[in-house]
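**Q** The primary structure of each chain is shown beneath.
Protein chains: 2
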Amino acid sequence: MASDSKKNKNLMEKISDVAARRGIFFPTAEIYGGTAGFYDWGPIGSLLRRKIIETWRNFFVKSEDNVYEIDGSAILPYGVLKASGHVDHFTDPKVECKKCSKVFRADHLIQEAIGRNVERASVEEMSKIIKDEKIKCPKCEGELSDVKPFPLMFSIGIGAEKAQGFLRPETAQNIFTAFKRVFSTMRGTLPFGLAQTGRVYRNEISPRQGVIRLREFTQMEVEFFVDPRQLNNHPRFNEIKDISIRIFSREAQERGKGSDATEGVVDVTAQEAFDRKLVPNQCVAYYLARETLFYTTLGIPREKLRFRYMMPEETPHYSGGNLDLEVELSLGWKEVIGNAYRTDYDLKSHSKASGQDLSVSPLGEGERVIPHVIEPSFGVERATYCVLEHCYREGDRDWAWFQFPPKIAPIEVIVIPLMRKDKLPEKAKEIYGTLKEEGFDTMYDEKGSVGKIYARADEIGIPYAVTIDYKTLEDGTVTIRDRDTVEQVRAKVGELPLTLRKLIEGEIKFKEAGTPQKR
Amino acid sequence: MASDSKKNKNLMEKISDVAARRGIFFPTAEIYGGTAGFYDWGPIGSLLRRKIIETWRNFFVKSEDNVYEIDGSAILPYGVLKASGHVDHFTDPKVECKKCSKVFRADHLIQEAIGRNVERASVEEMSKIIKDEKIKCPKCEGELSDVKPFPLMFSIGIGAEKAQGFLRPETAQNIFTAFKRVFSTMRGTLPFGLAQTGRVYRNEISPRQGVIRLREFTQMEVEFFVDPRQLNNHPRFNEIKDISIRIFSREAQERGKGSDATEGVVDVTAQEAFDRKLVPNQCVAYYLARETLFYTTLGIPREKLRFRYMMPEETPHYSGGNLDLEVELSLGWKEVIGNAYRTDYDLKSHSKASGQDLSVSPLGEGERVIPHVIEPSFGVERATYCVLEHCYREGDRDWAWFQFPPKIAPIEVIVIPLMRKDKLPEKAKEIYGTLKEEGFDTMYDEKGSVGKIYARADEIGIPYAVTIDYKTLEDGTVTIRDRDTVEQVRAKVGELPLTLRKLIEGEIKFKEAGTPQKR
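Sequence lines, in order, name chains A and B. The first sequence lines up with residues 1144 to 1662 when you count with our numbering. The second sequence lines up with residues 1144 to 1662 when you count with our numbering.
For reference, chain A alone in the conformation it holds in the complex:
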């Protein structure tokens, strides 16, 4: 990756620039100089995010059987996060300069100073490395302190008594603590899924990389509760068994150069992955296939995806195997989904700490078990950034543009009058109003030449532009311009909503949307 670093840095910068200029995202409280790790999403970014979340919901909740969504508090009491292990173990290694008092994340500091990956080393080991390698403060060359664990949760004082609570570091804990009640209210049987999307908080020591590493971000999680005897018997496995998934096995990682190697990824069907034991169980394989479909629907090429089987030292002790979906970005391969086979660890821990029996009857009655859990955990901001980077196009036009899949494009159609006179704006606004009423995400623009408006529309990835001209007033037809090919067709105003709907849904090709026009 090293040789690409200049170009890569530029791509993230370019996207951040257009994001700020066009209202996709920008630093929170920007007029006050912002705060590292916090971003606000503007009108275009909010729409994109919401469509990504809606796509996730369609894939992982609505089209599933027996999967339900809940919506819990982000502030959780101490007991929940003590039992989950976060109070004791959810930390990053921190080191401080004894001279300038600047604070660093120790593993990143060591990585940058001597190029060694110590992500999973203990704080004692890191302290020793810093001493042995004579690593100094990168800011002032001062001597560094011992490495200490730094808690990643934001602490909260609740009520006048300031009872200790935390901002949740994952949405999962609401699901585990609510599981028994919701299973019973929904008259559940196993397998049973609970999904949730919402904000989570991690007090990173020094977040960088824009919206890739945030202190406040949004997760979309599913906890899929399974009878432990049925882990290799997912009820819908047959539907996805032939889907190809790209797996980067532990063996391949050991043979190669670790997590940054691109060779060694195998492309196998979900069935093969299961048969060859490339995954912990069949339920995990089911999710890897569904996630591949989800991410390609968002416009990420298949070859830019890989499921990396986490190495033993990267895996929590209770885990039965974790596979991260990584997407290749200009910054390297980045985790976008964590798939954890959490066994019965969480329900057992909460059962013990709360004194509640959290076992359930797999068939709704009769014998009881503590379910095992498969957890696919998605990050919304990372998904959004992946879409932005992989849909970014430059060089073929005088302007850069986004080739968003029409179904997730923030604005689906822009309406433009050819001239700002002769009743063209009135007609255009009428059509704009109709499209809005029909539920399209649409925009009206009359400022500047049509060419300039097309360029601005491309820049925020609007797939279709409808232009109203003098012919419209005569025969009730408009031109539709296709963002990707810049081809144009002439279509009837009355058929516009249906035609546009079919285009966005991918039910017709652009040529079928009307009569082709010469340009």
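Because the hints were derived from the structure by calculation, they are not lab data. Treat the numbers as computed from the prediction; the structure is a model and nothing was measured. One should not assume that every hint holds.
Identical copies go unnamed one by one, so any copy, or any two together, can satisfy a pair.
[To be verified] Below are the DSBU-like pairs computed for lysine-lysine, each with C-alpha atoms no more than 35 angstroms apart in a straight line:
# : residue 1 : residue 2
1 : K1305     : K1271
2 : K1495     : K1590
3 : K1590     : K1491
4 : K1635     : K1652
5 : K1384     : K1564
6 : K1550     : K1572
7 : K1305     : K1245
8 : K1495     : K1282
Chain A is fixed; fit chain B onto it per the hints.
**A** Here is chain B on its own, set in the frame of chain A:
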């Protein structure tokens, strides 16, 4: 209200009971005993909430011109909330028992002890009242401390340096700090609206009343930025000028028994309200009309709504006039929307504190003004609770049920096989699958008799039940049952999606959905 208090208390309890039993809402971390002021929303509650939010979005964002939605961080840095005035002024009066150390909200304590409303009194005045009236600790009869202001914001330490920040107490502050950038990215002209929905946090001293008073809740806010010379010239006022709104004026409140009086509410059109100066300006009148339409769409009767013009002592000094939409609940009249005419206070404060010029050109170019702001601020949980209470029905059946408007019903249709044999479940599951694919919020149930399933469906307000029987296998028809009338019609399976869509959208009457059946 006093004579109703026993019955009323019961209604909130009844709703909380059904909410917990059927997965609408329940205390956060319930297995650990919960924490006051925090609730999680189960599958049914989450769907209901989401549909209320979507209805708000259709009303106040999508169907408006020049109104955009953003999505900002809930953690905000100190500077933002210092400038907004929250650091210095956003407090509740706190009093502590010197003997048992129990903490109380002083105004509530005084109200309960001597029946006097001191909501807006100073802490010094409250201390004096407690002394003069010899009010003691309601728990242990101990002596009470002086009254002190208690900060309502949750404080947060950001990064290793623990830089002070806060969980936002309102979503509005993201909008004010992002206004200038978003106005420019959207090539804005005035009037210009920014909307946001998201979590907000208030560290209430001792929250009660279930989901009505929460420490973590969800707002839906619009900040409508207007050229101060155009406050009485809303571009779409004509569309709503004949809508009737119910206003409880300051004069009527003074004449009556204060905020709990029901007499003195006038029913006037938006035009009349503006002409008779019952509202601060025309833009406010526009929103009051739209809010009336919104709340009646949610199923709240018009006569249970009133806009109360806040008394001078209830209004912040910078405000040009506030009108709360109050809904009559079993607990009394409760604020569900705060309408604040915030003048240019916020933009000016942030401009001064940040050193940034926040003026804009009303026409996109030329002379600049600091816009004035109209803010309608909605609470999601209160809206949801209002819907639950006003749609709750009992006494006419052997079970209590919810008469949700079909468009916001969490589950729109339930599919039931008459018997669990003879391929009826297979056929029912096939129809259930089709409806799910068509995007309906649907449920399949085969457990118990059809009568029992109808009762369970009523209890969560499912408007339509589709039953598959032996006739279905012969002629491809099913029965549809109407929740409200318990009438049934026979309809063709193939037409089911379209028929149900029309029923839900209110485009046809139930009798038109098929051939009426005798029961």
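**Q** I want to check one pair: K1305 and K1271. Are their C-alpha atoms no more than 35 angstroms apart within a copy, between two copies, both, or neither?
**A** Between copies, since 27 angstroms is at most 35 angstroms while 38 angstroms is not.
**Q** I want to check one pair: K1384 and K1564. Are their C-alpha atoms no more than 35 angstroms apart within a copy, between two copies, both, or neither?
**A** between (59 angstroms within a copy, 30 angstroms between copies)
**Q** Have a look at K1495 and K1590 and pick one of within, between, both or neither, based on CA distance no larger than 35 angstroms.
**A** between (65 angstroms within a copy, 33 angstroms between copies)
**Q** One pair to classify: K1305 and K1245, alpha carbons no more than 35 angstroms apart. Within, between, both, or neither?
**A** Result: close both inside a copy and across copies, 30 angstroms intra and 13 angstroms inter.
**Q** Can you tell me if K1550 and K1572 fall within 35 angstroms by alpha carbon in one copy, between copies, both or neither?
**A** Answer is both; intra-copy 24 angstroms and inter-copy 29 angstroms each pass.
**Q** Using 35 angstroms as the alpha carbon limit, work out where K1635 and K1652 are close: within a copy, between copies, both or neither.
**A** Both. Shortest intra-copy (17 angstroms) and inter-copy (33 angstroms) distances satisfy the 35 angstroms Cα cut-off.
**Q** Check K1495 against K1282 for me: Cα-Cα at most 35 angstroms, and say if that holds within a copy, between copies, both or neither.
**A** between (47 angstroms within a copy, 34 angstroms between copies)
**Q** 35 angstroms Cα cut-off: does K1590 pair with K1491 within a copy, between copies, both or neither?
**A** Between copies, since 30 angstroms is at most 35 angstroms while 62 angstroms is not.
The structure meets every hint from the earlier list without exception.
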